[in-house]
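Student: So the protein lines, in turn, are chains A and B.
Quick note: the first sequence, position 265, residue 265 per this note's numbering, numbers continuous.
Quick note: the second sequence, position 224, residue 224 per this note's numbering, numbers continuous.
It is possible that part of the hints are untrue.
[Claimed, not checked] Okay, the calculated bits of chain A under chain B, using three or more residues with CB under 8 Å as the criterion:
(1) 35-49
(2) 149-157
(3) 162-171
(4) 227-235
(5) 257-268
[What the hints assert, rightly or not] Calculated lysine-lysine pairs in the BS3-like style (CA-CA distance at most 30 Å, straight line):
(6) B:K414 / A:K125
(7) B:K47 / B:K345
(8) A:K125 / B:K257
(9) B:K345 / B:K111
(10) B:K349 / B:K336
(11) B:K414 / B:K133
(12) B:K133 / B:K275
(13) A:K125 / B:K176
(14) A:K125 / B:K78
(15) B:K290 / A:K125
(16) A:K125 / B:K111
No lab work stands behind these hints, which were simulated from the structure alone.
Model, not experiment: these values are computed from the prediction.
All C-beta atoms, glycine included, are put in the ideal place defined by N, C-alpha and C.
The primary structure of each chain is shown beneath.
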Amino acid sequence: MRAVTHDERAAAGLLAGLVAVLMAVTAFPILYSLWISLFAVNLRRPNRMPFVGLDNYIAVLSSPAFWGSVGRTALFSALAVAAILVIATLVALLLDQEFPGRRILSACLLIPWAIPSVVNGLMWKWIYDSNYGALNGLLLQLGFIGSATIWLGDSNRTLPLIANAFIWKEVPLAAILLLVTLKSIPADLYGAAAVDGAPAWRRFFAITLPALRPGFLLVTLYEAMMAVRHFDLFFLLTEGGPGGASDVVAWRIYVETFRNLSFGTGAAMSYILAIATLLMSYALIRGMARTL
Amino acid sequence: MRSRPTLCRRAALSAGAAALSLPFVRGARAADPIGYATWSAAVAQVKAHVAGFEKQTGLPVAYSNSPFAQYRETMIAKFTGGAPLDMLWVSDAWLPEFAMAGWLAPIDAYKQLTAYDAVTSDFCVQSTVFEGKQYGLTYYTDYMSFLYNADILAKAGIPAPPATWDEVVSQALTIKSKGLLDYPVVFGMTQESWMIEFISAMVYSTGGRFIDDAGNATMQDPKTGAVAALTWLADAVQTHKVLSPGCVATGELEVLKTASAGRAAFVLLPKYRLKVLNDPAQSQAAGHFKQSLMPAGNRGSHSTVGWMRFFGATPRGLSGGRAEGLVMLMEWFGGKADGEYVFQKTILKDLGLGFGITELYKDPEVRADLGAYGDVDLMARQQALARKKDTISPWFGEWNDAHGTAWQQAIVGKISVEAALRTSAETWTALKKAG
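Please model the entire structure based on the sequences and the hints provided.
Tutor: Following this line, the structure appears as structure tokens:
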């Protein structure tokens, strides 16, 4: 067996402090939340926290309200990720061209991404307001609508409108990731295709799109994870309403944990969401990796 | 049979907190201040009043505050961690859970404090009582008020504000027919903490209740429950179209902004918002908003809902030699300081916050302050008709979540009024049974 060198011991010693901090702030809370998901922990009853095994998980998985929120989460995520992929691809293709003002446009593109989530949520709340919102003001002035339209208050529109606010914030990052992928495509390929007389659409479908697959994988994976776990906009815009129309899993976890103070059930829901996210990511990586 | 293990989280947290605080224990004991926690409101006023108390009594006070949005959770974490708290601000909605957990101690034994009950609005006193014991003195209070834009009513040729909910509809239809507003009634029915206050005000004014004296759900009862109030809301949106369906995405702040922009004829808002509405610096409709008594339903009165926040004491604060100092501090804030209601008048003057001491409505300074933007006698009359929320219970939060969703669905016509109230009642009964 190889002896541990002095340098290795010194390195281990130097890293030990960092590892200890990471264990304290990351590993311990994760394991502790797993532990409390096995107990009926409700802070309103601090002296009565019996061990319940998997009862919290069973209760969550047999709740129709939870499955309703799963459906809304899936719909929100599908809408958001699909739109982000399409819009970000178009933006990346635009920024890959040489034209005057491209650098300024690239910088402006980052503004939504740089805006803090809470500010983004409050801004969209103002825009969507049916009484004094900017969206109604604009549409009325342009003559597209005759009277103020109900936006977030219409339960059929709530999820798409929240998804729109989410897309607005997420598109810049996705576009940059795709732009980096676009930049890595060798120019020779386009040159050779042009020599062969391939038109632009043919070059796009035969060269650009296949070459973007790694970027698509990365963006789909990242944005799907962000969408599934998204909370801020649901909290700021609708608080799960109207009538439960935006009651997604992340919102349900918040209500259960911090409003109802039922930490046991809340932790169980969080673990179910984490496992679902993990499985979804694994399936995406497996599915899309085959095409790379 | 082996018993299931019980998670000793409190012990673990206490041990952790004790270990972390060991180096400071000696220093802390030397001063031994009264631990006083509030949310981050009226900070300058509280600090100044604490300084006055320390100067007067020589007793040190360790004042701390944290944002209201996380205050409840912060306090619960402090209680379970064994933090040195003696007095704190408490919302009426949290009383059952705080009292049942043993985090608050009753003040009934201290006549110096309970003497103020006689000069305090009844609903304020009742809001500090849980299972027959009183847990504090009023910090501030307010009630849901019915406000109208007199300018819009005048333009519509309406001589007097509505006295009943039927008149609200007829007047709103007149305003609508004259093209003054698409939706003359603006109420906030989004899922936020204000929603239950709006709803409770309407239920009480239509002569309804959510629960009976035994605590059983009566909200679904067509005669004594909340049917009339929810039916009015659903009809206002779906039939008369005087209230926007967007009300289910409208919060209290949006109601205020809409009214300030002159885009509302009738609103339900906390009474203290009248000051903002009639302030030219903050409202385009300044000078036009007036208060009238809450409209009555067919079997109702002009009742409304009142809420309050109070000074609560912890068992630590009322233990042994600490009690005397804490009682003095609680009276200094919740009662008289140097023979005057100093704190109540300060937060009214500086922040517009309401008071529970009814005799203050006769105080010349208070009348001058309130009279600058409203009818003082009417404010007092409406406060006398305010009632505490009857739904405050250990399961209030869970019930309110399900109840709010059901009401929103009924308002926009996704489900019937009866179905919404049945859901509301069944949720209440199940939670009550589970304890």
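Student: All the hints need checking, so say for each whether the structure fits it.
Tutor: Each hint, compared with the structure:
1. 35-49: It holds, with 10 qualifying residues against the three required.
2. 149-157: holds (count 6)
3. 162-171: With 0 residues in contact (Cβ-Cβ under 8 Å with chain B), the coverage given for the segment 162-171 of chain A is violated.
4. 227-235: violated (count 0)
5. 257-268: holds (count 4)
6. B:K414 / A:K125: It holds: about 24 Å lies between the C-alpha atoms, which stays within 30 Å.
7. B:K47 / B:K345: The hint holds at about 15 Å.
8. A:K125 / B:K257: 13 Å, holds
9. B:K345 / B:K111: It holds: about 23 Å lies between the C-alpha atoms, which stays within 30 Å.
10. B:K349 / B:K336: 16 Å, holds
11. B:K414 / B:K133: 42 Å, violated
12. B:K133 / B:K275: Given that 30 Å is the threshold and the Cα spacing comes to 35 Å, the pair is violated.
13. A:K125 / B:K176: 26 Å, holds
14. A:K125 / B:K78: Distance ~34 Å between A:K125 and B:K78 Cα, so the pair is violated.
15. B:K290 / A:K125: At roughly 28 Å apart (the allowed maximum being 30 Å), A:K125 and B:K290 satisfy the hint.
16. A:K125 / B:K111: 49 Å, violated
Checked against the numbered hints given earlier, the structure breaks hints 3, 4, 11, 12, 14, 16 and satisfies all the rest.
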